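4 protein chains.
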Amino acid sequence: MKTPQQIFELMYNNDPFSKLLGMKLIEITDGYCKLHMQVTEQMLNGFGIAHGGITYALADSALAFASNAKGIQSVSIETSINHLSKVALNDILTATTEEKNSTSRTALYFINITNQNHTVVAIFKGLVYRTGKEW
Amino acid sequence: MKTPQQIFELMYNNDPFSKLLGMKLIEITDGYCKLHMQVTEQMLNGFGIAHGGITYALADSALAFASNAKGIQSVSIETSINHLSKVALNDILTATTEEKNSTSRTALYFINITNQNHTVVAIFKGLVYRTGKEW
Amino acid sequence: MKTPQQIFELMYNNDPFSKLLGMKLIEITDGYCKLHMQVTEQMLNGFGIAHGGITYALADSALAFASNAKGIQSVSIETSINHLSKVALNDILTATTEEKNSTSRTALYFINITNQNHTVVAIFKGLVYRTGKEW
Amino acid sequence: MKTPQQIFELMYNNDPFSKLLGMKLIEITDGYCKLHMQVTEQMLNGFGIAHGGITYALADSALAFASNAKGIQSVSIETSINHLSKVALNDILTATTEEKNSTSRTALYFINITNQNHTVVAIFKGLVYRTGKEW
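Residue numbers (our numbering), protein chains in the order written: chain H, 23 to 157; chain R, 23 to 157; chain Z, 23 to 157; chain S, 23 to 157.
Any given hint could be a false lead.
Which copy? The list can't say, so a pair holds if one copy fits it or any two copies do.
Here are the computed lysine-lysine pairs in the DSBU-like style, where the Cα-Cα straight-line distance is at most 35 Å [to be verified]:
| id | residue 1 | residue 2 |
| --- | --- | --- |
| 1 | K24 | K155 |
| 2 | K155 | K122 |
| 3 | K122 | K56 |
| 4 | K92 | K24 |
| 5 | K108 | K46 |
| 6 | K108 | K122 |
| 7 | K41 | K122 |
| 8 | K56 | K155 |
| 9 | K41 | K24 |
| 10 | K92 | K122 |
If you are wondering where the hints come from, they were derived from the structure by calculation, not from laboratory data. Keep in mind that this is a model prediction, so the values were computed, not measured.
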C-alpha cells in the first residue's frame with residue numbers, strides 16, 4: 023500500500039493545472055493536506071482581485087490530495103465555497119483541510135483558505151465519493 | 023447607464039484569468055450570460071480529466087458577467103458546484119446562466135455547464151451581493 | 023418490483039413527521055414527486071413567518087419520495103436551500119422535484135417550492151446516495 | 023440595546039415551531055447559541071429515523087438565535103446540511119453554533135449537531151443577511 027506522500031506525488035506529477043497555478047505542498051498525511059500558492063497577475067479578475075476560481079482550485083486540489091491520501095481513489099461530487107475577504111495580487115494563500123466524516127462510500131472535508139496575515143479569505147466544503155479502487 | 027455588452031467588456035478586458043483559460047463570450051444580456059472555452063492539457067488534474075477548478079472558474083465568470091450586466095456591481099458570496107460527468111481533454115464547455123431571483127440586495131443564479139455533446143457536466147449555484155455601486 | 027405509488031405509500035404510512043405537517047401527495051412517478059401542504063400557526067417562527075424548517079421539511083420529503091420511487095432505497099447526504107420569499111400563515115406550498123442526474127450510486131434533484139400565487143419561495147438542492155437495497 | 027438573552031426571549035416566545043419540537047436553550051451570547059431537543063415518535067420518517075427536517079430545524083433555529091443575538095435583525099438566505107449519522111427515536115440532539123464571519127451585511131455560521139454520545143450527526147452551514155433593523 024502506498025503512503026500519503028507517494029499518492030500525492032503520483033497525483034501531483036500528473037496535475038498540470040495545480041502546477042500552472044504554482045501550488046506547493048506543505049504537508050500531507052492520511053486524510054489531511056496543507057497546500058500553498060501565491061497570487062500572480064494572471065489570476066486576477068475584472069475587479070482587480072483574485073478570480074473566484076483561484077481559491078476554489080486551491081481548495082479543490084487540497085480536497086483531492088487529502089481524500090486520496092487514505093489509499094482509495096476518491097472523486098469530488100459536491101463542493102461549495104464562501105468568499106469572505108478579498109484576495110489581492112501577491113497574496114500567499116494556504117489551504118488546510120479538516121476531515122469531518124469518512125466512511126467506505128463518502129467523506130466530508132472542510133477547508134480553510136488563509137492569507138499571509140492569517141485572515142480567512144474563503145471557507146470550502148467538499149464531499150467526495152470513494153470509488154473503492156486502490157492507489 | 024452602460025449596456026450589458028459595455029459592462030462585459032470593461033470586466034473581461036481586465037480579467038486575465040478568464041483570458042488565460044480562453045473563455046469566449048457567446049451572449050450577454052441583462053442578467054444572462056453564455057460563455058464557452060476548450061479544455062487544454064494545462065487544465066487537467068491527476069486523474070487525467072479537467073481539474074474541478076476549470077468548470078468552477080467558467081461558471082464563476084459567467085455568474086460575474088450575468089449578475090453585473092444589470093448595471094450594479096455585484097460580488098459572489100456563496101457558490102456550490104456538482105460535478106456530474108467527466109470533462110476530458112479538448113472538450114468544449116458552455117456555461118449558460120439562469121437567474122432564479124434578483125433583489126436590490128442579492129441575486130441567485132443557476133448555471134449549467136455542458137460539453138459539445140450537450141451532456142451536462144456540472145451544475146453551479148451562485149449567490150451574489152449587490153454592492154449598490156453603479157458600473 | 024414495486025410501483026412508485028406503492029413505494030410512496032410504504033414510506034408515507036410510516037412517516038409521522040410528514041403527516042404532522044399535513045403534507046399531501048399530488049403526483050408520484052419514477053424520479054418525480056409533487057407534494058403540497060398548508061402553513062399553520064404551529065409552523066411560524068419568531069418573525070411571524072414560516073420557520074425555515076417548514077419549507078426544508080417539505081422539500082426533503084419530496085426528495086425522499088422522488089428518489090426512492092425509482093425502486094432503490096436512497097438516503098439524503100447533502101442538501102441546501104435558498105429562501106427567496108417570505109412564507110406566511112395559511113400559505114399553500116407546493117414542492118415539485120426535477121431530477122438533474124441519476125447514477126447507480128448517487129442522484130441529484132432540484133426542488134422548487136412555490137406558494138398559491140406561483141411565487142417561488144424557496145429553491146432546494148438535494149443529493150442522495152443509492153444504497154443498492156430494493157424496496 | 024437588548025441583551026442576547028432578551029432578544030432570544032422575544033424570538034422564542036413567538037416561535038411556535040421551535041416550541042412544538044421541544045427546543046430548549048442551553049446558552050446564548052453575542053453571535054453564539056447552544057440548543058437541544060429530544061427526538062420523539064412524531065419526528066420520524068419512512069425509514070424509522072428522524073426526518074431530515076428535524077436536524078435542519080434545530081440548526082436553523084440556532085442560526086436565527088445566534089445571528090440575531092448581536093442586536094441586528096438577521097434573516098437566513100442560504101443554508102446547507104450534511105447528514106452524517108442516523109438520528110434515532112429518543113436521541114437528544116444538541117446544536118452548537120460557530121461564527122465564521124460577520125460583517126454589517128452578512129454573517130456565516132457553521133453549526134454542529136451532536137447526539138447524547140457526542141457523535142456528530144449533522145453539519146450545517148448558514149449564511150444570514152443583516153437587515154440593519156435593530157431589535
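Here is how each hint holds up against the structure:
1. K24 x K155: both (13 Å within a copy, 33 Å between copies)
2. K155 x K122: This pair counts as both: shortest intra-copy Cα distance 22 Å, inter-copy 26 Å.
3. K122 x K56: both (16 Å within a copy, 20 Å between copies)
4. K92 x K24: Intra 9 Å, inter 39 Å, cutoff 35 Å: intra-copy only.
5. K108 x K46: Both, since 21 Å and 25 Å are each at most 35 Å.
6. K108 x K122: The answer is both: 26 Å in one copy and 16 Å across copies each meet 35 Å.
7. K41 x K122: Cα proximity of K41 and K122: in one copy and across copies (27 Å, 30 Å).
8. K56 x K155: within (24 Å within a copy, 37 Å between copies)
9. K41 x K24: For K41 and K24, the Cα distance is within 35 Å only inside one copy (22 Å; across copies 39 Å).
10. K92 x K122: both (14 Å within a copy, 28 Å between copies)
Hint violations for this structure: none, all hints satisfied.
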